[in-house]
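Asks: The primary structure of each chain is shown beneath.
Protein chains: 2
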Amino acid sequence: MAELRINPVTGERVILSPRRAARPADLARPGDAQGGGRGLEAGCPFCPGNEAETPLEVMVRAPEGRLPDQPGWLLRVVPNLYPALEPGKRTGDGTASREPGLLQSSPVAGFHEVIIHSPDHHAGLAELDAQGVARVMEAYRDRVLAHRREPGIGYVQVILNHGGGSGASLSHSHSQVFALPFVPSRVELEMRRARAWRRRGGGCLFCELIEAERRGERLVLDEGGFIAFCAFAPRFPFETWLLPRAHASRFEGSDDAGLEALGEALRHLLGSVFRGLGDPPYNLYLHTSPCYAKASHPYYHWHFELLPRLAEWGGFEMASDTVICTVPPEEAAGLLRSRL
Amino acid sequence: MAELRINPVTGERVILSPRRAARPADLARPGDAQGGGRGLEAGCPFCPGNEAETPLEVMVRAPEGRLPDQPGWLLRVVPNLYPALEPGKRTGDGTASREPGLLQSSPVAGFHEVIIHSPDHHAGLAELDAQGVARVMEAYRDRVLAHRREPGIGYVQVILNHGGGSGASLSHSHSQVFALPFVPSRVELEMRRARAWRRRGGGCLFCELIEAERRGERLVLDEGGFIAFCAFAPRFPFETWLLPRAHASRFEGSDDAGLEALGEALRHLLGSVFRGLGDPPYNLYLHTSPCYAKASHPYYHWHFELLPRLAEWGGFEMASDTVICTVPPEEAAGLLRSRL
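As you go down the protein sequences, you meet chains C and Z in turn. Letter by letter, the first sequence follows residues 0 to 339 in numbering that gives the first Met the number 0. Letter by letter, the second sequence follows residues 0 to 339 in numbering that gives the first Met the number 0.
A couple of the hints might just be wrong.
[Stated by the list, open to error] Example chain Z residues on the side facing chain C (calculated, C-beta under 10 Å, incomplete): (1) Met0; (2) Ala1; (3) Arg4; (4) Arg12; (5) Asn49; (6) Thr53; (7) Gly64; (8) Leu84; (9) Glu85; (10) Glu189; (11) Leu208; (12) Leu218; (13) Ala230; (14) Leu283; (15) Trp301; (16) Asp320.
Hints in this document: simulated from the structure, not taken from any laboratory. All C-beta atoms, glycine included, are put in the ideal place defined by N, C-alpha and C.
From just these sequences and the hints, can you work out the full model?
Replies: This is how it looks when you write it as C-alpha cells:
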C-alpha cells in the first residue's frame with residue numbers, strides 16, 4: 000500500500016508510491032510521450048486489441064453486444080496498472096497526521112483509474128469530435144459519482160496529462176482519476192478562500208470573477224453557458240480557466256445536455272491552444288467541491304484549469320512557491336481568441 | 000517594472016515579468032542547457048573575455064590589480080540582463096494586496112543578480128575545488144547581507160539551477176539572487192510552522208529534525224558541523240536537505256570558517272549526486288530567516304534544499320499541490336551515501 004507522509008517543515012502531503020517506479024519511463028527525462036501520425040500502435044496497452052495488457056475494465060462506452068475487454072469500444076476505463084493508490088481498508092483523511100509529531104506517515108488507500116478517451120492512439124482530446132469529447136466528460140462525471148459513494152473518500156481528482164513534458168508517460172490520449180482519502184491542499188485552499196470571500200460579504204468568488212472577466216481582455220470564449228479566460232495571475236504562460244456561467248458547486252451534478260455543451264466549449268478552447276501554440280504539452284484538471292460539502296452550496300464553483308507546459312519552474316519557484324511568468328495573460332488571451 | 004499579481008482564488012503571488020520573455024530560450028522546451036567538454040565557450044556572456052555582454056559587475060573575486068569588467072576574475076556578480084525584478088521606488092510587501100479585492104496587482108521592485116561561479120564554462124558547482132565552492136558560499140552571504148540593507152527588501156532568495164530541465168537558460172554554472180519586497184509564501188509557511196512547533200512546547204523544529212535524522216537511514220553525510228539527509232516527504236526523488244548541526248537562524252551570519260566547512264559538505268553532497276545520478280539537472284536553494292526576524296531567534300534554522308529534477312510534476316501535482324513520489328528517501332540516501 001502507498002504511504003502518506005507529511006513534510007515536517009511545511010505540513011505538505013506526499014504520497015510515497017514506490018510501486019509506480021516499476022514503470023520504466025518513471026525517472027526518464029521529459030519528452031518521451033509525443034504523438035505524430037494516425038491510427039493504432041502495436042506496443043500500446045491502451046490501443047484496441049491490447050485490452051489484455053490492462054486490468055479489467057470498470058466502465059466502458061461501446062455498441063451493444065460487444066464483449067467485455069475486447070475491441071469495439073469507444074471509451075474505456077480501467078484501473079491503473081501502476082497505481083499511485085490502491086483500494087484497501089479505510090485509511091485516515093490526513094487530519095490526524097496534522098497533530099504534533101515530527102515524522103508522520105500513514106498507509107493511504109484509494110483508487111487510481113485511467114480513462115482511455117478513444118480507440119485512436121494519436122488523437123488528443125482537442126482532435127476528437129464533439130460527441131467524443133462529451134463522452135469523456137460523461138466518464139469524468141460517472142467516475143466521480145462512483146468514487147464519491149465509496150467509504151472514506153474525501154475527494155476525487157480528475158486530471159489529463161497531454162504530451163511530453165506534461166508528466167504523461169503513455170502517449171495514447173487518456174485521463175486519470177484519483178479517489179483520495181483526503182481533500183488535496185490546493186482544493187482546500189480554494190474552498191477556504193471562497194468561504195472567506197462570502198463571509199466578508201461577497202457572493203460566490205467565482206461568479207464575481209466571471210462577471211469581471213466576461214467583457215475583459217482576458218476572455219477567450221463565452222458560449223453555451225461556459226466561459227473561458229486566461230488566469231489573471233497564471234502559474235504558467237497561457238493558463239486558462241473554464242467555468243460554467245451559472246453557479247454550480249459540483250461538476251458531477253451536470254446533466255448530459257450540460258456535459259455536451261461543456262464538451263463543445265472545451266473542444267474549442269483546446270483547439271485554439273492546439274493551433275495557437277502548436278499542440279503543446281498541457282495539464283488539464285477538474286476542481287469540484289469536496290465530498291464533505293453539501294450537494295449545492297453558495298460559495299464554491301466547479302471549474303477546469305488548463306496549464307500549457309511551455310515554461311518550466313526553476314529554483315526560484317521551488318524555493319518560494321512564487322511564480323515568475325513572462326507572458327501577460329491579456330496577450331495570451333488575444334492569441335487564443337484569434338485561433339478559435 | 001514587473002507587476003505583482005495575486006491569484007484571486009488561491010491568494011498566491013505571481014510576478015509578471017514580460018521583459019524576460021525577450022530572452023529567446025524562454026518558451027523553449029526543456030533540455031537546452033546541457034554541459035559537456037571543458038573550457039570556455041565563445042557565445043557565452045558569462046565566459047571570460049565576454050564581460051561586456053553583461054551589466055557592470057557589482058562584486059568580484061579577483062587577484063589584486065585586475066581591472067573591473069575584464070578577464071582575470073575567479074567569481075563575478077552582475078545584475079541579470081533580463082531581470083525578473085528591477086530596482087525602483089519602494090513597493091508594497093504584498094500585504095496590502097491580501098486585503099479584499101478581486102483582481103489585485105501592484106508594481107514590484109527589487110534586485111535580480113547573477114553569481115558566475117567560476118571562469119570555467121563547463122564546471123558545475125560539484126566540480127569546483129573546495130576553495131571554489133567556499134568562494135560561492137561567501138558570495139551568497141555577501142549578496143544577502145548587501146540586499147538586506149536596502150530599504151523595502153523583505154527577503155533575499157538565492158537559488159542555483161543546474162542543467163537542462165532545471166529552469167536554467169544558460170549552461171555556464173551560476174546562481175541567482177532575488178531581493179524581494181515580500182517574504183515568499185514557502186518561507187513564510189516554514190516560519191509559521193516553526194513558530195507553532197515552538198509554541199506547542201517543542202524546541203527548534205529543525206534541531207529536533209536533525210536529532211531524529213542524524214543516526215537514521217535517511218542520513219547522507221554528517222561532517223564539519225553540517226548534516227545532510229534525504230527529505231522524509233520529498234517533492235522530488237532524491238530531495239536532500241543540508242543544515243548546520245548547531246542552531247543558527249541566519250545563513251548570512253556565517254563566518255568564513257563556517258562557509259569553508261559548508262562548502263566542503265556541499266561539495267561532497269553534490270559530488271554524490273553527480274556520481275550517483277549521472278550529473279542530473281537540479282535546483283539548489285537557500286532558506287534563511289526573513290529580514291523582519293531578529294538576527295538570532297530560537298525557532299528558524301537556515302538550510303539548503305537540493306532538488307534533483309529527474310521526475311516531472313504532472314496534472315495531479317498541479318491540481319492538488321500534493322506530490323506522488325516513487326523513490327523512498329531511505330533508498331535514495333543509501334545510494335547517495337555509497338557515492339560519497
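Asks: Determine for every hint whether it applies to the structure shown.
Replies: Now for the hints, and whether the structure bears them out:
1. Contact between methionine 0 of chain Z and chain C, as hinted, is not supported at the beta carbon level, the nearest pair being about 13 Å apart and thus beyond 10 Å.
2. The interface hint given for alanine 1 of chain Z is met, as the beta carbon of that residue sits about 8 Å from the closest beta carbon of chain C, less than 10 Å.
3. For arginine 4 of chain Z, the suggested interface contact is upheld, since its CB lies about 4 Å from the closest CB of chain C, less than 10 Å.
4. With 10 Å as the threshold, the beta carbon of arginine 12 of chain Z comes within range of chain C, its nearest partner Cβ sitting at about 5 Å, so the hint holds.
5. Checking asparagine 49 of chain Z against chain C: minimum C-beta separation of about 23 Å lies over 10 Å; hint violated.
6. Checking threonine 53 of chain Z against chain C by beta carbon gives a least distance of about 19 Å; that is not within 10 Å, so the hint is violated.
7. Taken as an interface hint, glycine 64 of chain Z does not check out: its beta carbon lies about 35 Å from the nearest beta carbon of chain C, beyond 10 Å.
8. Hint status for leucine 84 of chain Z relative to chain C: holds, with the closest Cβ pair at about 9 Å, below 10 Å.
9. Hint status for glutamate 85 of chain Z relative to chain C: violated, with the closest Cβ pair at about 13 Å, above 10 Å.
10. A hinted interface residue such as glutamate 189 of chain Z counts as satisfied when its beta carbon comes closer than 10 Å to some beta carbon of chain C; here the least separation is about 5 Å, so the hint holds.
11. Taking 10 Å as the C-beta contact cut-off toward chain C, the hint placing leucine 208 of chain Z at the interface holds, the least distance being around 6 Å.
12. Checking leucine 218 of chain Z against chain C: minimum C-beta separation of about 13 Å lies over 10 Å; hint violated.
13. Checking alanine 230 of chain Z against chain C: minimum C-beta separation of about 7 Å stays under 10 Å; hint holds.
14. Against a cut-off of 10 Å between C-beta atoms, the interface hint on leucine 283 of chain Z holds, since the closest Cβ of chain C lies about 7 Å away.
15. Violation of the interface hint for tryptophan 301 of chain Z is found here, the shortest Cβ-Cβ separation to chain C being roughly 12 Å, above the 10 Å cut-off.
16. With a least beta-carbon distance of about 4 Å to chain C, the hint placing aspartate 320 of chain Z at the interface is held under the 10 Å criterion.
Violated hints for the displayed structure, listed by number in ascending order: 1, 5, 6, 7, 9, 12 and 15.
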